[in-house]
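Now for the letters of each chain:
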Amino acid sequence: MSETELVSRPAPPSIWHMYRAMVGVGIVCGLLIVTAFQVTRPIIERNKAEALQKAIFHVLPNASTSATYRLDESGGFLVLEGKGVGAELVYAGYDDNHELMGLAVEAQGMGYQDVIGVIYGYSFAEEAIIGIQVLESKETPGLGDKIESDPEFLENFERLDVSLRDDLSEMANPIVPVRHGEKTHPWEVDGITGATISSVAIADILNRSAQYWMPRIRSHLSDFQGDFQGEE
Amino acid sequence: MAKPGKTLEIRTSPHILSGYSVDTIMFNVVLALLPITAFAVFAFGLAGLLTLSMALASCVLTEHLICRASGKPTTIGDWSVTITGLLYGLTLPPSLPLWMVAVGGVICVAMGKAMFGGLGYNTFNPALVGRAVLQAAFPVALTTWIPSFGAGRFSSLPSSTLTLPFTEPTVDAITSATPLALWKFSQEATATGDLALGFTSGSVGETSSVLILLGGIYLIARNMMNWRIPVSIFGAVAVLSGALHLMDPARYASPVLMLFSGGLMLGAMFMATDMVGSPMTSRGCYLYGALIGLVTVVIRTWGGLPEGVMYAILLGNAVTAHLDRWTRLTVFGTRGKEAAT
Amino acid sequence: MPSESLWTIFINASLVNNFVLAYFLGICPFLGVSSKLETATRMGGAVTFVMLVSSVCAFGIQLLLVAIDAPYLKLISFIAVIASTVQLVEMFIKKVSPALFRALGIFLPLITTNCAILGLALFQTNKGYSFVQCIVYALGAGAGVTRARVLMAGLREKLELAEVPDVTKGTAMALMIAGLLSVTFMGFGGLGG
Amino acid sequence: MAATSKSSTDEFIKGLWKENPVFVQVLGMCPVLAVSNTAMNALAMGLATAFVLIMSNIAVSSLRNFIPKQVRIATYILIIATFVTVVDYVIQAVSLDLYKALGAFISLIVVNCLILGRAEAFASKNTVARSVMDGLGMGIGFAFALFCLGAVREILGSGSLFGAQLFHDAFQDWVVMILPSGGFFTLAAWLLLFNWLEQRKERKAKSDEATTLALGKEAV
Amino acid sequence: MRPMRLLGLKTFRHGVHPPESKDETSGLAIRQFPFAPLLIVPLVQHMGAPSLPVVEEGQEVHRGQQIARADGFMSVSMHAPASGLVRRIALAPSISGRMVPAVYLEPFPGSTQEIEEGTPCPLDTASPDEIIAAIQDAGVVGLGGAAFPTHVKLKIPEGKFVDTLIINGVECEPFLTTDHRVMLEQSGDIFMGIRYLLKVTGAQKVIIAVEANKPDAAAHLREAFPGDLDGSVEVLPVKYPQGAEKMLFSALLGREVPSGGLPLDIHALCCNVATAAQIGHLLPRGQGIQERVITVTGPAVKRKGNYRIPIGTPLRFLLEHVGVEEDVNRVFLGGPMMGAAVSSLEISITKGTSGVTAFTDSAAERTHSQVYPCIRCSYCVDACPIFLNPSLLGMLAANEEFSTMAEEHNLMDCFECGSCSFVCPSHIPLVQHFRAAKDAVRKAKAGAA
Ligand SMILES: Cc1cc2nc3c(=O)[nH]c(=O)nc-3n(C[C@H](O)[C@H](O)[C@H](O)COP(=O)(O)O)c2cc1C
Ligand SMILES: Cc1cc2nc3c(=O)[nH]c(=O)nc-3n(C[C@H](O)[C@H](O)[C@H](O)COP(=O)(O)O)c2cc1C
Ligand SMILES: Cc1cc2nc3c(=O)[nH]c(=O)nc-3n(C[C@H](O)[C@H](O)[C@H](O)COP(=O)(O)O)c2cc1C
Ligand SMILES: Cc1cc2nc3c(=O)[nH]c(=O)nc-3n(C[C@H](O)[C@H](O)[C@H](O)CO)c2cc1C
Ligand code: SF4
Ligand code: SF4
Ligand code: SF4
Ligand code: SF4
Ligand code: FES
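Read top to bottom, the protein sequences are chains A, B, C, D and E.
Counting in my numbering, the final residue of the first sequence is number 267, and the numbers go up one at a time with none missing.
Counting in my numbering, the final residue of the second sequence is number 567, and the numbers go up one at a time with none missing.
Counting in my numbering, the final residue of the third sequence is number 1615, and the numbers go up one at a time with none missing.
Counting in my numbering, the final residue of the fourth sequence is number 231, and the numbers go up one at a time with none missing.
Counting in my numbering, the final residue of the fifth sequence is number 713, and the numbers go up one at a time with none missing.
Be a bit skeptical, because a hint or two may be false.
To be verified - Computed footprint of chain A on chain C, listed as stretches where at least three residues anywhere in the stretch have a Cβ under 8 Å from a Cβ of chain A:
| # | region |
| --- | --- |
| 1 | 1430–1439 |
| 2 | 1494–1501 |
Stated by the list, open to error - Keeping only pairs whose Cα atoms sit at most 20 Å apart, straight-line, the calculated SDA-like set for lysine to any residue is:
| # | chain 1 | residue 1 | chain 2 | residue 2 |
| --- | --- | --- | --- | --- |
| 3 | E | Lys463 | E | Gly423 |
| 4 | A | Lys83 | A | Leu115 |
| 5 | D | Lys212 | B | Ser296 |
| 6 | E | Lys286 | E | Ala483 |
| 7 | A | Lys118 | C | Val1488 |
| 8 | C | Lys1458 | E | Glu665 |
| 9 | A | Lys89 | D | Asp108 |
Stated by the list, open to error - Across the chosen pairs, the derived CB separations fall in these ranges:
| # | chain 1 | residue 1 | chain 2 | residue 2 | range |
| --- | --- | --- | --- | --- | --- |
| 10 | B | Thr556 | E | Glu381 | 49 to 55 Å |
| 11 | A | Asp185 | B | Asn449 | 52 to 58 Å |
| 12 | D | Glu213 | C | Val1518 | 48 to 54 Å |
Just so you know, these hints were derived from the structure itself, not from any lab.
From the three backbone atoms N, C-alpha and C, an ideal C-beta is built for every residue, glycine too.
Go ahead and model the full structure; you've got the sequences and the hints to work with.
Laid out in structure tokens, this is it:
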């Protein structure tokens, strides 16, 4: 604030005047804010839920309903009740027959410019990642942002192998990035020419997240298959 | 007997000058750049020739027109803009569309030089300003490389070179990775001989380390270049990358690869040494060189880009004013005084 | 992202995503920065200090707001609390160390509510940083702002003696330099990874 | 009556051009640069700022006799922060995507010196009507400037305007324009243009003066 | 320790290497110059107050007779350069362009020009104060260029002392060879002068400094060096401005004269060889200075040489006598590095004139070249022996920031050696800027006081 004038004035108004002004303005302002908040809150929450839902259905193409689960201290998963502040969440997707299709998981990591946030879909049937959507990225337009749109790159995630070893303790093969055109295994991510860093970043984010989640999810598969919890 | 003293000129001493003048210095730099230019044309054929010519022409023309527009006599005669044009051309990928080359040339001179008041006042290296802004504008085109010594280089052009203005270049099938990119993204080291002699892909003029060194040594020998700058850059790069390489040779490139690849040689010899953007004191030059070397290694090793010399030099230019201030010489006879007061 | 390492946070805030040159925060003082290097340095110190104070404040407020479930008071309380805390700290410094006050004090009131300070508070909250992460973030951002200003001051000092054409004098020139510095800092892209 | 309406039109006009907050006063630079990477973002930001500006001008000018001088800055900030919070929620409700693009800069309108500056320098001393005109002028001037920046950056940087593709498919985007440095360069270019126009006008005025002087001399 | 020191080479840091151009005159023995038909002897040939004339218009004087006396301590006597008639005592032009009082003396055509003997000042019996008075009476000023009254320099204030006397035979200025010839031809006078100087100053040691381009002079002085004197002849590498006393102290003694201070602050004192020779020659005879050795040279001069020229000889007469090229267009009193360009040939030779150099148009072409903006090449920074930043000072001067120059960038320490201008590839007239700036600063100070 460049405008901080400190001119002394001859007759200061009484303290009462100042309190009256501050409190009066404060009350009016408070009312305004609370009104705006109350009016917009339902709309905003609906918007947010819709956006999340859309993303989940995007990465789990066959799902039509979803439910949010939270990782319990015991290592199992429970349906989320209330707000999930601070909890580790996964989203289960179900098809029209209320069959569990897979899980959607959010993950983040450093990209070329700033943090990249993604959500990816995991298919139980295929033991693979079957879809991915970038939620947050500041990668260079026309270069790094190809991770969001490049069809060849996105092809990687139509079936990216994340199967576990037999003892379910670890992934059989880590997800690894390779140079463009050199993909030979289903667990490799074929990079984008000219945006190697961003594509490597995606592979790393997925790898770290999958290493963490896959053993936990697989060993508590039954948690998700309980009663149907999904919402349209 | 002649009656002397009819038309005596008076000016203040000294009445003799050393004989160096700005245009002689600049012209000698152009001379030192010629072998590099010739090799560039030899290595990249028509594409190299066209890139260099367009770079030179756009820089010189811009300078001329700006002088004209501001009603001043043209300054292209001092050769400095020729250096800018040549060096700018030498730092470009050989397959760059010519329209982009021209745009960058205008940026070099208009934004890098004229805007600050012309020769001597530009705070950043004009050639690098042009290249850096161009790289920010067209990052893909500026990181697409073709192999040197391609078979048909004198008879055909990469398809991207003649791309219509303002359209996206079509990428050639035969792109190739630079030695640094090879190392960064697949840990493949390039043979030292190839590096030194320039049988690698890269910018038009950065590949032939030996010729660059020779040109630099010529200028140093004629005292037209400050040897402290390249020496401290090379020193910093060698020491740092050497230490890293010793720690983990598989992860960190060897000092030889670091020194002889990418734009380091050209940058250290011809661009960091641009007097206008470098410090004036010897100690300042050592620090400036060390900073450039350090930043180069850091960007190459841990940064997102395979090459960082350009950014390192621009950063060096930005801190030059501070280096000059911190390394001010102690004026004769003030040593004790400063301590006392 | 609570998982970011402290080093990454610091490098990002100070180099890659420099508050001034990449996030456009605190531009007005950056453009208005005097060409006196010393002032720029001390001002940078003052900004870093205020950033630290406001970072701590914002962390506390956020805890409180979550507890009472009143997210709509975020902006107002950030502004109010940061401004008054800085005022208090200023008075405290004046009492305790007149020398430090002379070095930093005169800048404090001017800085209290510029966008870099508020931006820092908002960003750290959005990112959900822990207390230690917040501190490191504030230090990194402060270092970045200081570096940008110090570089700018040096360049301006140099340009004061140059024969700059009339059209480019003033803010236009400052913006051009800022743009070139921003391009230069792009070289650090990917460092935080 | 005629006189007042005329002068409040003047209050409106001045913000558009002669005292344009961005191009002439160089105020509130951060949002100007940060969210002007597309015309849409720029316009949305401009309108949001204009809204806050007008509302706070109204509030401040109508309360101007009620607020003691000592606490006026604090009160103004309170008022501004309130309107900003309102705008923040409204934009979230209207479009999450827009909200994401504008990011924290909506909240940062609070500290935009333009708003506090107008509150302090104008609204606190003028009638509600005139303050509205001032707010409208400044706000629209600000939005207009933002739009100028956003349009240039979007056209060159993405080849489109308001998301509509302008050129053929193969248009080469100038990525730099949407990067931070492009913001600096574009604003610098606009200021250069303004400087140049201004100086040309001055020079012309001077040469006109000179010719009249010369003519006057001849006449003598 | 600098590499130079480690190599055993005594010299100072920075400096330049202008072409020496001394070969044409260094081998030529000193020759007596004829009397001009009218000698004009200015009464201000030194730094300080003008001397007061003691002769009248129309009076006849003897060669060597005192014609003016010192006006106070900061002043010296003046002696008649020839036997003749005082025509007028009136104003005459000087090198600075100002008119100064002068004695117009018409030598008698047929006179033998015997020099008048005075009261000798015996080395053995005279006290230091008597020697100082004798030096003042002899009209001795520094012949190294500054023409500072030597007796003033020799008056050591209470509480100060001098341990080393340095005799400056460096002559680093290109073209000039006077000191060289004096060292070869007047070593007796020099050592006699040294004895007087040692006695006055109380110094124990004397060092005669000679540059490596005068090996014959160094060898000759070494040979002639009296066994009873404690001291040596030191040969220094050739570099300009080695002859400046600050540089000499730093090269020979490793001591730096403090900024704004005097050599006395580092217990040293420096005299030019010719000054020493004059003292050694004049004091035993009780005479005063009426002539000095001057190198007349330069591309435009036909009969170059080292001449013993009467004080007051008009420049026009001098040049006509040695013959100059048709197209001569620049004449300097002194050498080309520090010498002052003359605007009129009507001025006359003074005690401070160590050389006259004349150039033709073609020889001076280079100096006419275009001026470019400073390209920050740092040549000047590497040249300045005072470690100033001439580039920065030059830009500040162009912006008329004189007080910044003086207060923050040590402008007043610049001694105008010209090294910076000499090397500047942009041909920026740095020294000219600095002189103007120093003047402005002094004026501002005087105005404020
Ligand atoms: C202005 C600019 C922006 C860049 N942005 C990105 C980016 O967003 N993502 C990325 O992976 N690399 C980015 N880069 C890095 C280079 O394109 C880098 O050379 C490339 O990632 C190397 O990949 P390659 O081996 O396929 O050529 C950028 C480079 C520049 C100069
Ligand atoms: C390639 C090259 C390397 C040099 N290396 C050194 C050196 O290591 N140390 C040094 O003092 N001078 C070196 N010089 C000489 C310097 O350029 C310079 O002449 C000298 O340092 C000036 O010293 P002065 O200022 O004391 O006369 C080198 C010159 C060249 C051309
Ligand atoms: C740049 C410069 C160069 C000088 N060169 C010489 C020189 O070559 N020989 C000399 O005797 N004095 C030279 N002087 C003068 C000396 O500094 C010093 O004043 C002189 O030797 C003292 O002796 P004097 O008083 O007997 O003349 C030079 C002075 C300056 C400032
Ligand atoms: C040793 C040397 C190196 C130079 N390097 C550059 C350079 O890298 N880029 C450039 O534009 N000009 C360069 N120049 C030319 C000149 O200094 C440049 O045009 C100025 O920066 C323009 O003010 C160089 C000149 C010399 C003497
Ligand atoms: S308000 Fe303070 S920090 Fe900002 S520009 Fe002014 S003095 Fe600097
Ligand atoms: S409040 Fe923000 S926008 Fe306004 S002057 Fe201060 S720093 Fe600049
Ligand atoms: S003239 Fe002055 S500034 Fe130049 S070199 Fe000599 S002492 Fe240094
Ligand atoms: S020598 Fe001349 S051009 Fe070089 S830095 Fe000094 S003043 Fe500038
Ligand atoms: S500092 Fe001015 S709007 Fe941010």
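Each hint, compared with the structure:
1. 1430–1439: holds (count 4)
2. 1494–1501: Our answer is that it holds, as 3 residues pass the Cβ test (under 8 Å) against chain A, meeting three.
3. E:Lys463 x E:Gly423: 17 Å, holds
4. A:Lys83 x A:Leu115: 17 Å, holds
5. D:Lys212 x B:Ser296: The hint holds at about 16 Å.
6. E:Lys286 x E:Ala483: Holds, at roughly 18 Å.
7. A:Lys118 x C:Val1488: Judged against 20 Å, a Cα distance of about 11 Å means the pair holds.
8. C:Lys1458 x E:Glu665: Between C:Lys1458 and E:Glu665 the Cα gap is close to 16 Å, so the pair holds against 20 Å.
9. A:Lys89 x D:Asp108: 13 Å, holds
10. B:Thr556 x E:Glu381: 49 to 55 Å: For B:Thr556 and E:Glu381 the Cβ distance comes to about 53 Å; the hint holds.
11. A:Asp185 x B:Asn449: 52 to 58 Å: 53 Å, holds
12. D:Glu213 x C:Val1518: 48 to 54 Å: Since the Cβ atoms of D:Glu213 and C:Val1518 sit about 53 Å apart, the hinted range of 48 to 54 Å holds.
Violation of the numbered hints given earlier is absent; every hint is satisfied by the structure.
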